[in-house]
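Undergrad: Chains as they are written, first to last, in my numbering: chain D, 1 to 173; chain X, 1001 to 1522.
No wet-lab data here; the hints were simulated from the structure.
Every value quoted in this text rests on a predicted model; they were computed, and no experiment measured them.
Ideal Cβ placement from N, Cα and C applies to all residues, glycine included.
Treat the hints with caution; some may be incorrect.
Said to hold, decoys possible - Taking CB as the label site, the calculated pair distances span: (1) Asn2(D) x Asp1502(X): 13 to 23 Å; (2) Ala1053(X) x Val19(D): 44 to 54 Å; (3) Phe1069(X) x Val115(D): 36 to 46 Å; (4) Ala64(D) x Gly1481(X): 50 to 60 Å.
Unchecked claim - Anything over 10 Å on all C-beta distances counts as not near chain X; from chain D, calculated: (5) Ala17; (6) Tyr58; (7) Glu62; (8) Tyr67; (9) Leu93.
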Amino acid sequence: MNVSLTLIIIMGVLFAAGVYAMLERSLTRVLIGFLLLGNAANLFLLVVMGAPGVAPFYGSAEDAADYSDPLPQALTLTAIVITFAVSAFLLALIYRSWQLGQADTVEDDEADLAVRDRVAEDEEAMEQEITDEDDDATTDFVGDLTSPITVLHSRDFDALRDDAPTDRPGGDR
Amino acid sequence: MSALVPLLVTLPLLGAAVALIFGRRRRIQVGVSIVTLTATLVIAAVLLNAINATGVPIAVSVGGWPIPFGIVLYVDRLSALLVVVSSIVLLAVLLFSVGQGAADGDDETPVSIFHPSYLILAAGIFNAFIAGDLFNLYVGFEILLVASYVLITLGSTESRIRTGVVYIVVSLVSSILFLSAIAAIYGALGTVNIIQLSERMTELPQETQLVLHLMLLLAFSIKAAVFPLSFWLPDSYPTAPAPVTAVFAGLLTKVGVYAIIRTETDIFQDNDVNTLLLIVALATMIVGVLGAVAQAELKRILSFTLVSHIGYMIFGLAIATPAAVGATIYYIVHHIVVQTTLFLAVGLVERRAGSTSILKVRGLMRAAPLLAVLYFIPAINLGGLPPFSGFIGKYALFDAAADEGTPLMYVLIVAGIVTSLLTLYALMRAWNLSFWREKEEIGEGESETDARIAYLGDAEGADVQTEKRVIPRIMTTATAGMVAVTVALTIFAGPLYELCADIGESLLQPVTITQLEQEVQG
């Protein structure tokens, strides 16, 4: 099977960059990382197709081996559609996250924090433990001035409320 | 008969579309969802019956493409059994959520998307169970995951967004890994059809097989919440609405386990990583249950026991004898039903007492005796007390392990018993504190235990809810129905176990591609 070295190098770079971006706390960077990873996986599918040949179905090659393998292309198309749908959902999620807390970061789990606090209390080593302000500041959109989008806060809409009914007694917000 | 197979996926999708159209008419939505899921339950039962009678799996070539090229839906007894069980669970949880939604009076809220998302989730689960090729399995996973993203962030409150983000990012990584594994497997073998893969895989060198094998296992283990890839589950499940958590706990991780079964038994037949799986199973059981013991919030306790009991299933698969695989399948069926029931019961507790913290809730035994029964039966079942199905499943697993007789097997058996006892301890501690403890005996700070409880209660901080509501009858009925199913798993353990043992036998002797072609034509 002949494959293009360029494609493989591009794929590797995309995988590396994607993983790096996904490790960030900022959700927008996670989204970018996911897009890069998705494209890297799609390229991987195209690489395993082998060397490109005559178009399947419509081409007129003598030998069956001269045709391109159509199946990875079909798989890639499906994967692209799925990636597209998921990115749309992620964008909505990021916007909502931003709307709620003026931050688009991945937050620490509350129970984890509770455990951490308890440990810190027990060891009486509180001073250096919780200096997470720096981490929390790694949003790409701090403050309205630098925000790339005009932010309409939820309080600007009568119909959109943070205390929308949930199943929880009393609502958790 | 084969015409029924695609309906398992298309009916819920169609139902979702109709439910979305009638987004503002609650009654029609509910009707559509119930009819759809009942229909899939009937279809799955008919299929299971037919396949069990003939012993021949049903394969459908979608779009009429010849076998290895097109999409194949493949229903054997394992798929049919799991579809039947998941239909029952989905239907019961749907009824539960209908009761909850009606009582909360949230017409025209974001909850109008609950029913469509729920049906799409069902379609994804069924599609994953009946997928005949790896890529269709991937598509099934994606369908159910996207629906689960919507469900876990339902209402998009701040806490749900926070936990939903963790769940979503982890799921995305596992999906990308799965897709890359598919690409690598296609590159190595030129096919994605599971049966064809199992035939061609033996031609590859062992090292290549190992790489592909581990890639697939990694992707599926994240979804199945196998230690050390289980960290996301106890973080994200407890925050979602009670019915959503119940259905996620029962079904989503089991889809991952199902994929691992296919990987181990069908795709990689002569490449085994069983020792690795045994160690992973050991760690999953012990670490998971220790997490459960340390928690003071019912939903979190259950999430951790969920992780630890996935360990039993991996254990059974790693033994890799027909008896062990059969026991695993019985255990999966038992666990789907019991774990969902427990989450539903906890949903009722949350409603009745206004909190799920076992340190705050008390005196439920007197206040709600029926609820106490509904919690107690599945709790001791999950803990593995005889004569319940949890005991039967665990006993069968240990029996199969003892037949192998290696030292590691005995270590695993001991770990399994310890896990079972600790599960019982965690659940009974919750029982003692929340149900058995009298309302009056408050006296905080008097004894050491009380001081500890008060301390932990303060540290827990979040989730203080004081409002208490009456439980609608339909929620109790749905939960009671599920408890009845768990008891039925015990009463009808004989025939069910026989079926599972048969499946275990047949899984280790897979069909060939020519047989599959004949089935499609015939």
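Undergrad: Now tell me, hint by hint, if it's right for this structure.
TA: Evaluation of the provided hints:
1. Asn2(D) x Asp1502(X): 13 to 23 Å: Cβ of Asn2(D) to Cβ of Asp1502(X): about 47 Å, so the range 13 to 23 Å is violated.
2. Ala1053(X) x Val19(D): 44 to 54 Å: Since the Cβ atoms of Ala1053(X) and Val19(D) sit about 50 Å apart, the hinted range of 44 to 54 Å holds.
3. Phe1069(X) x Val115(D): 36 to 46 Å: 53 Å, violated
4. Ala64(D) x Gly1481(X): 50 to 60 Å: 57 Å, holds
5. Ala17: 13 Å, holds
6. Tyr58: Answer for Tyr58(D): holds, closest chain X Cβ roughly 17 Å.
7. Glu62: With a cut-off of 10 Å, Glu62(D) remains clear of chain X, as the shortest Cβ separation is near 21 Å.
8. Tyr67: 13 Å, holds
9. Leu93: 7 Å, violated
Hints 1, 3 and 9 from the earlier list are contradicted by this structure; the remaining hints agree with it.
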